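S.K.: Sequence:
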Amino acid sequence: MEIRDQAVGFMEAWGIPGVAPFAFCLFFSKLVAYTFLYWLPFYISHKVIGGEYLSDSTARMLSSLFDVGGVFGGILAGYVSDYIDARAITAASFMYCAIPALFLYHAYGSISLFCNAALMIAAGLFVNGPYALITTAVSADLGTHGSLKGNSRALATVTGIVDATGSVGATIGPLLTGCLSSRSWDSVFIMLMVATLIAGLLLTNLVIAEVKVKLRTRSSSSLEESQI
Numbered sequence: 001m002e003i004r005d006q007a008v009g010f011m012e013a014w015g016i017p018g019v020a021p022f023a024f025c026l027f028f029s030k031l032v033a034y035t036f037l038y039w040l041p042f043y044i045s046h047k048v049i050g051g052e053y054l055s056d057s058t059a060r061m062l063s064s065l066f067d068v069g070g071v072f073g074g075i076l077a078g079y080v081s082d083y084i085d086a087r088a089i090t091a092a093s094f095m096y097c098a099i100p101a102l103f104l105y106h107a108y109g110s111i112s113l114f115c116n117a118a119l120m121i122a123a124g125l126f127v128n129g130p131y132a133l134i135t136t137a138v139s140a141d142l143g144t145h146g147s148l149k150g151n152s153r154a155l156a157t158v159t160g161i162v163d164a165t166g167s168v169g170a171t172i173g174p175l176l177t178g179c180l181s182s183r184s185w186d187s188v189f190i191m192l193m194v195a196t197l198i199a200g201l202l203l204t205n206l207v208i209a210e211v212k213v214k215l216r217t218r219s220s221s222s223l224e225e226s227q228i
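UniProt numbering numbers the first residue of the sequence shown as 1 and each following residue consecutively.
These are computed hints drawn from the structure, not numbers from a lab. Predicted model only: the values in this text are computed from it and were never measured. Note that the Cβ used here is the ideal one computed from N, Cα and C, for glycine as well. Certain hints may be false.
Stated by the list, open to error - Across the chosen pairs, the derived CB separations fall in these ranges: (1) S110 with T136: 27 to 37 Å; (2) G160 with C115: 39 to 49 Å; (3) T204 with S64: 50 to 60 Å; (4) S219 with G51: 53 to 63 Å; (5) K214 with F42: 40 to 50 Å; (6) F103 with F42: 13 to 23 Å; (7) W14 with Y96: 18 to 28 Å; (8) T217 with G51: 52 to 62 Å; (9) P174 with L197: 18 to 28 Å; (10) L201 with I84: 14 to 24 Å; (11) K214 with P174: 33 to 43 Å.
Sequences are here, hints too, so could you generate the full structure?
M.R.: Here it is as structure tokens:
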């Protein structure tokens, strides 16, 4: 008779190493991403770009470039994480790079239409890269973590936890923006940069662990080469 693995419980899934840090990292990542999704057209249409205000239709078309950057960001994040075999290092690096990208977009996006578009693509690349990585490759890795001892019935639970936590952030971000934008857009972008910083910091322990593994592997390889 075939013995099936027992499904992993909700609290047990939270206890899998890496689930909580990546879930809360996605919380802040989606907070930023969905703020742009809902508010970027409004922000663009109410900001002087190249000496003039853009029409609502032009603002909507221009805002789509954020998603274009996100497409390339997802591809780049996946490639880099596979190449260096380090999900946390990749995600954290993208989040830290997103901070200056957001600052530059807000500070210099009004210079010209081209400048706005270029900086928007860069912001989309760094913001959406980790978002795409965590919801796909990272969730799959966590759902088959070694601590599960081969239990294959955790993938859906882990993926659901990570994505649901991110969705809470996706709800809160636009709401906070609605409150803060009435004060100033500077406040909104400070909130977004702080959220991005927190997202990166949440992965610190995982980044340190991956760096230690890389250094240990490199030391072992060097020792083997010296013995040959």
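S.K.: Run every hint past the structure and note whether it holds.
M.R.: Structure-based check of all given hints:
Restraint check, S110 to T136: a C-beta distance of roughly 35 Å satisfies the suggested window 27 to 37 Å. Taking 39 to 49 Å as the suggested C-beta distance range, the pair G160 and C115 conforms, at roughly 41 Å. Range check, T204 to S64: Cβ separation about 34 Å, and the 50 to 60 Å hint is violated. Checking the proposed 53 to 63 Å range against S219 and G51 shows it holds: the Cβ atoms sit about 58 Å from each other.
At roughly 44 Å, the beta carbons of K214 and F42 sit within the given window of 40 to 50 Å. Distance hint check for F103 and F42: the Cβ-Cβ separation is about 20 Å, which falls inside the suggested range of 13 to 23 Å. The beta-carbon spacing between W14 and Y96, approximately 26 Å, falls within the hinted interval of 18 to 28 Å. Checked against the given bound of 52 to 62 Å, the beta carbons of T217 and G51, roughly 55 Å apart, stay inside it.
Checked against the hint of 18 to 28 Å, the C-beta distance between P174 and L197 comes to roughly 20 Å, which is consistent with it. The hint said 14 to 24 Å for the Cβ distance between L201 and I84, and at roughly 20 Å that hint holds. Restraint check, K214 to P174: a C-beta distance of roughly 38 Å satisfies the suggested window 33 to 43 Å.
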